[in-house]
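Using the sequences and the hints, build the whole thing.
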Amino acid sequence: MIDLRLNHRQGHFHLNVNLSLPAAGITGLIGRSGSGKSTLFSCLAGHLKPRQGCITLSGRPLFNSTLGLNVPPAQRRIGVVFQDGLLFPHMSVERNLAYGSQNRGTAFWHEVIEALDLDHLLNARPLRLSGGERQRVAIARSLMAEPELLLLDEPVSALDPALKARTLDLIARVQRQTQIPMIYISHAPEEIRRLCHQVVTLQDGQVRSVTEGEAYGVGPALAAVGKVTCAI
Amino acid sequence: MFALSPTEMSALILSLRASSLAVLWALPFAIGLGWVLGVKRFPGHGLLNAFVHLPLVLPPVVLGYLLLLLLGRKGLIGGPLYELLGLRIAFSEGAVVVACAVVGFPLMVRAIRQSAEAIDPRLARAARSLGASEVRVFITVTLPLMAPGILTGLTLAFARAVGEFGATITLAGNIPGKTQTLPLALFTVTQSPGGDAAALRLCILSLVLAGGALLASEAIARRTNLQEVPT
Amino acid sequence: MRWVMLRVAVAICSLLTAPAMAEPTLLAAASTSGAVDAAISQSGIAAVTSYGASGGLARQIEQGAPADLFISANPKWMAYLTDAGLVQEDAVLELMSNALVLIGPKGAAPIAPAELPAALGGENFVMADPESAPVGAYGRASLQALGVWEGIQDGFVPVRNTLATLTAVSTEEAAYGLVYSSDTALDDGVTIVARLPKDSHPPIRYLIAPVAQGEDAVGAKTLTAYLMSPEGQDVLADYGFVTGPEGM
Numbered sequence: 001m002i003d004l005r006l007n008h009r010q011g012h013f014h015l016n017v018n019l020s021l022p023a024a025g026i027t028g029l030i031g032r033s034g035s036g037k038s039t040l041f042s043c044l045a046g047h048l049k050p051r052q053g054c055i056t057l058s059g060r061p062l063f064n065s066t067l068g069l070n071v072p073p074a075q076r077r078i079g080v081v082f083q084d085g086l087l088f089p090h091m092s093v094e095r096n097l098a099y100g101s102q103n104r105g106t107a108f109w110h111e112v113i114e115a116l117d118l119d120h121l122l123n124a125r126p127l128r129l130s131g132g133e134r135q136r137v138a139i140a141r142s143l144m145a146e147p148e149l150l151l152l153d154e155p156v157s158a159l160d161p162a163l164k165a166r167t168l169d170l171i172a173r174v175q176r177q178t179q180i181p182m183i184y185i186s187h188a189p190e191e192i193r194r195l196c197h198q199v200v201t202l203q204d205g206q207v208r209s210v211t212e213g214e215a216y217g218v219g220p221a222l223a224a225v226g227k228v229t230c231a232i
Numbered sequence: 001m002f003a004l005s006p007t008e009m010s011a012l013i014l015s016l017r018a019s020s021l022a023v024l025w026a027l028p029f030a031i032g033l034g035w036v037l038g039v040k041r042f043p044g045h046g047l048l049n050a051f052v053h054l055p056l057v058l059p060p061v062v063l064g065y066l067l068l069l070l071l072g073r074k075g076l077i078g079g080p081l082y083e084l085l086g087l088r089i090a091f092s093e094g095a096v097v098v099a100c101a102v103v104g105f106p107l108m109v110r111a112i113r114q115s116a117e118a119i120d121p122r123l124a125r126a127a128r129s130l131g132a133s134e135v136r137v138f139i140t141v142t143l144p145l146m147a148p149g150i151l152t153g154l155t156l157a158f159a160r161a162v163g164e165f166g167a168t169i170t171l172a173g174n175i176p177g178k179t180q181t182l183p184l185a186l187f188t189v190t191q192s193p194g195g196d197a198a199a200l201r202l203c204i205l206s207l208v209l210a211g212g213a214l215l216a217s218e219a220i221a222r223r224t225n226l227q228e229v230p231t
Numbered sequence: 001m002r003w004v005m006l007r008v009a010v011a012i013c014s015l016l017t018a019p020a021m022a023e024p025t026l027l028a029a030a031s032t033s034g035a036v037d038a039a040i041s042q043s044g045i046a047a048v049t050s051y052g053a054s055g056g057l058a059r060q061i062e063q064g065a066p067a068d069l070f071i072s073a074n075p076k077w078m079a080y081l082t083d084a085g086l087v088q089e090d091a092v093l094e095l096m097s098n099a100l101v102l103i104g105p106k107g108a109a110p111i112a113p114a115e116l117p118a119a120l121g122g123e124n125f126v127m128a129d130p131e132s133a134p135v136g137a138y139g140r141a142s143l144q145a146l147g148v149w150e151g152i153q154d155g156f157v158p159v160r161n162t163l164a165t166l167t168a169v170s171t172e173e174a175a176y177g178l179v180y181s182s183d184t185a186l187d188d189g190v191t192i193v194a195r196l197p198k199d200s201h202p203p204i205r206y207l208i209a210p211v212a213q214g215e216d217a218v219g220a221k222t223l224t225a226y227l228m229s230p231e232g233q234d235v236l237a238d239y240g241f242v243t244g245p246e247g248m
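Chains as they are written, first to last, in the working numbering: chain A, 1 to 232; chain B, 1 to 231; chain C, 1 to 248.
Derived from the structure by calculation, the hints contain no laboratory data. Every residue gets a Cβ at the ideal spot worked out from N, C-alpha and C, and that includes glycine. Among these hints, one or two may not hold up.
What the hints assert, rightly or not - Computed list of lysine to any residue pairs in SDA-like fashion (alpha-carbon distance at most 20 Å, straight line): (1) B/K40 x B/F138; (2) A/K49 x B/F165; (3) A/K49 x A/R60; (4) C/K76 x B/G194; (5) B/K74 x C/Q153; (6) B/K74 x C/T171; (7) A/K49 x B/K40; (8) B/K74 x C/D188; (9) B/K74 x C/G155; (10) B/K178 x C/Q153; (11) A/K49 x A/G68.
To be verified - What follows is a set of in silico ranges between Cβ atoms, one per label pair, in the way DEER data are often shown: (12) B/C203 x C/Q144: 49 to 59 Å; (13) B/P43 x C/K76: 11 to 21 Å; (14) B/P43 x A/T211: 38 to 48 Å; (15) B/P28 x C/D238: 46 to 56 Å.
To be verified - Stretch-level coverage of chain C by chain B, calculated; a stretch enters the list once three of its residues show a Cβ under 8 Å from a Cβ in chain B: (16) 38–46; (17) 151–163.
Next comes the structure, spelled out in structure tokens:
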């Protein structure tokens with residue numbers, strides 16, 4: 001389970017979330033811009049420290065404001081994929097992939113590269129890749145680090161429709177293969193209803209609803225709202 | 001006409017040696033300050049930035065005088081150094097290195113800060129989420145991306161150091177063979193009638209050194225711009 | 001409209017080229033600044049002054065600087081200008097002289113000049129660069145005549161001017177220094193430890209001569225007359241210069 005209880009103010013914006021997500025499958029997180037998706041993303045990843053609350057990942061406490069606990073991003077085992085890939089421009093694709101992982105050359109390494117069709121790109125520089133290729137490398141890079149949870153922040157919104165569809169299929173396939181739970185953030189509901197097992201809708205910093213998605217396969221139990229207490 | 005006299009030769013070698021040492025010594029501090037000023041926000045940011053730029057706006061002789069007060073035998077820093085380590089800074093080659101380092105420092109910090117500011121902060125976040133410690137992030141991501149600014153800063157500071165006069169002559173004196181750099185030698189020969197041939201030679205040498213450094217700086221800037229990722 | 005603009009332009013031009021009031025422009029050696037400024041204010045003449053190294057000023061005059069009067073601390077720079085035809089040889093006058101002294105930090109004990117190398121004991125000896133400053137050239141001549149020049153070479157630090165010499169001695173970066181007696185008034189952090197004999201160096205002669213490039217030759221003549229008068233000479237002597245027949 002991913003237990004999230006967050007209370008964070010930034011100017012006029014107030015994020016107030018109490019959510020228990022199953023640590024399985026793909027959970028979609030949708031909302032208009034300003035709804036709090038990015039803030040939630042940053043808090044989960046550890047890039048932003050919420051004023052109050054707690055975060056637990058599969059029983060591992062990552063953040064607890066009362067206890068003064070804040071695990072740095074490097075130790076959270078939560079991977080991130082940004083909207084524009086954000087590959088390290090001064091490193092080749094292969095070095096990018098190897099950055100967070102110890103398993104260069106292992107079976108897993110080859111599996112991921114094959115699944116994302118990157119074999120022929122290993123020596124290329126990020127500058128020379130197309131948008132779609134960059135996204136595939138970004139996804140592969142975070143998978144290589146074998147995270148317990150993968151956050152994807154609008155990874156396909158900058159791609160053209162055909163490429164979008166192909167990449168979404170790819171993400172679904174990778175999730176099934178690796179069984180790494182994913183949280184997929186987007187502002188486009190159509191994009192992710194197909195992909196996700198369930199969809200959490202955010203509005204004005206609060207959870208508006210939790211609905212079932214249309215992803216293939218028996219989904220895990222739906223997320224529960226309001227059940228998280230930050231135990232001391 | 002173009003053969004160098006021994007004095008001129010030693011001025012050339014001294015200038016090269018002192019300027020190189022100066023920029024190398026100043027580099028770690030410039031990287032630290034350039035990074036902090038470019039990436040972090042904190043109260044006192046403006047003050048620190050202004051302080052770093054002081055050597056750029058003070059008349060060099062004033063700068064030399066302040067350094068003399070600070071680093072001289074009875075100075076705030078020089079006093080304890082002399083008492084504890086017997087270190088004499090004023091009127092030595094070390095003083096030349098200090099003067100050159102101080103005048104080149106703001107140029108280095110500016111160039112490094114610019115390249116630090118240009119780094120997408122989310123790159124560091126990506127690196128952290130991949131498990132890298134702060135030190136590893138700095139060494140493997142931040143520093144390589146600051147490299148163009150570091151190289152530019154080095155060459156700019158070197159060019160400035162080679163031309164430095166006022167602070168050098170005030171803090172180090174004009175001792176031939178020991179502290180008489182190219183600019184000081186040039187000054188000396190123009191003070192007597194008939195020193196024009198020597199003055200021309202020294203002038204050309206200074207132009208070649210400083211001009212060469214500036215051209216190198218431009219070439220680096222152009223090359224590294226081509227490698228920028230359009231994100 | 002065009003006529004108005006033209007009239008304004010003519011008016012501005014005439015302002016710019018209006019004949020100067022009695023304001024002669026004086027270029028003078030830096031070491032004379034205190035004394036000459038005082039003398040000028042006593043005289044009531046409104047002169048414009050520019051101080052610098054004698055050599056630098058001579059070069060500026062050569063390049064056309066609009067000077068009416070030139071005071072040089074070193075005769076060779078006056079000769080430079082007479083050779084170039086910018087100054088009439090028979091218009092050159094001797095304004096005043098100066099003396100050389102050895103100084104130490106405040107409170108230092110007097111020494112005999114011959115003891116200088118021993119008294120230094122490996123410490124720095126500081127003096128304006130003989131290659132570029134007249135006081136340094138005179139100082140070198142004097143120390144050579146006294147037989148101590150070789151003995152001080154190890155610790156000899158040539159600096160830019162007497163101000164730098166005074167600073168170095170008062171901050172104890174150097175154990176001893178050499179300056180004009182007229183300079184000791186500028187810094188009370190130093191003490192005179194020896195006076196160098198007048199006959200150990202070529203006579204120190206401050207020369208004054210009119211230059212024909214300025215705009216006020218008459219004013220220059222008046223100012224020269226004042227500076228050479230007993231009243232003017234007294235002011236100069238107050239600042240440590242040597243005036244009167246015994247000095248020159």
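Taking the hints in turn, this is what the structure says about them:
1. Distance restraint check for B/K40 and B/F138: the Cα-Cα separation of roughly 14 Å lies within the 20 Å cut-off, and the hinted pair is therefore satisfied.
2. Distance hint between A/K49 and B/F165 is unfulfilled; the C-alpha atoms sit about 51 Å from each other, more than 20 Å.
3. Restraint check for A/K49 and A/R60: satisfied, since their Cα atoms lie roughly 17 Å apart, inside the 20 Å limit.
4. Distance restraint check for C/K76 and B/G194: the Cα-Cα separation of roughly 12 Å lies within the 20 Å cut-off, and the hinted pair is therefore satisfied.
5. Restraint check for B/K74 and C/Q153: not satisfied, since their Cα atoms lie roughly 24 Å apart, outside the 20 Å limit.
6. A distance of roughly 6 Å separates the Cα atoms of B/K74 and C/T171; the hinted pair therefore holds under the 20 Å criterion.
7. Note on A/K49 and B/K40: the hinted pairing holds, with a Cα-Cα distance of about 17 Å set against a maximum of 20 Å.
8. With a C-alpha separation of about 17 Å, the suggested pairing of B/K74 with C/D188 holds against the 20 Å cut-off.
9. The straight-line distance between the Cα atoms of B/K74 and C/G155 is roughly 19 Å, inside the 20 Å bound, and the hint therefore holds.
10. The straight-line distance between the Cα atoms of B/K178 and C/Q153 is roughly 13 Å, inside the 20 Å bound, and the hint therefore holds.
11. A distance of roughly 11 Å separates the Cα atoms of A/K49 and A/G68; the hinted pair therefore holds under the 20 Å criterion.
12. The hinted range of 49 to 59 Å is not satisfied by B/C203 and C/Q144, whose Cβ atoms lie roughly 32 Å apart.
13. Look at B/P43 against C/K76: about 59 Å separates their beta carbons, and that is not inside 11 to 21 Å.
14. A hinted range of 38 to 48 Å holds for the C-beta pair B/P43 and A/T211, which are about 47 Å apart.
15. The beta-carbon spacing between B/P28 and C/D238, approximately 55 Å, falls within the hinted interval of 46 to 56 Å.
16. A stretch counts as covered by a chain when three or more of its residues have a beta carbon under 8 Å from one of that chain; for the region 38–46 of chain C and chain B the count is 0, and the coverage is violated.
17. Requiring three or more residues with a Cβ within less than 8 Å of a Cβ of chain B, the coverage given for the region 151–163 of chain C holds, as 5 such residues are present.
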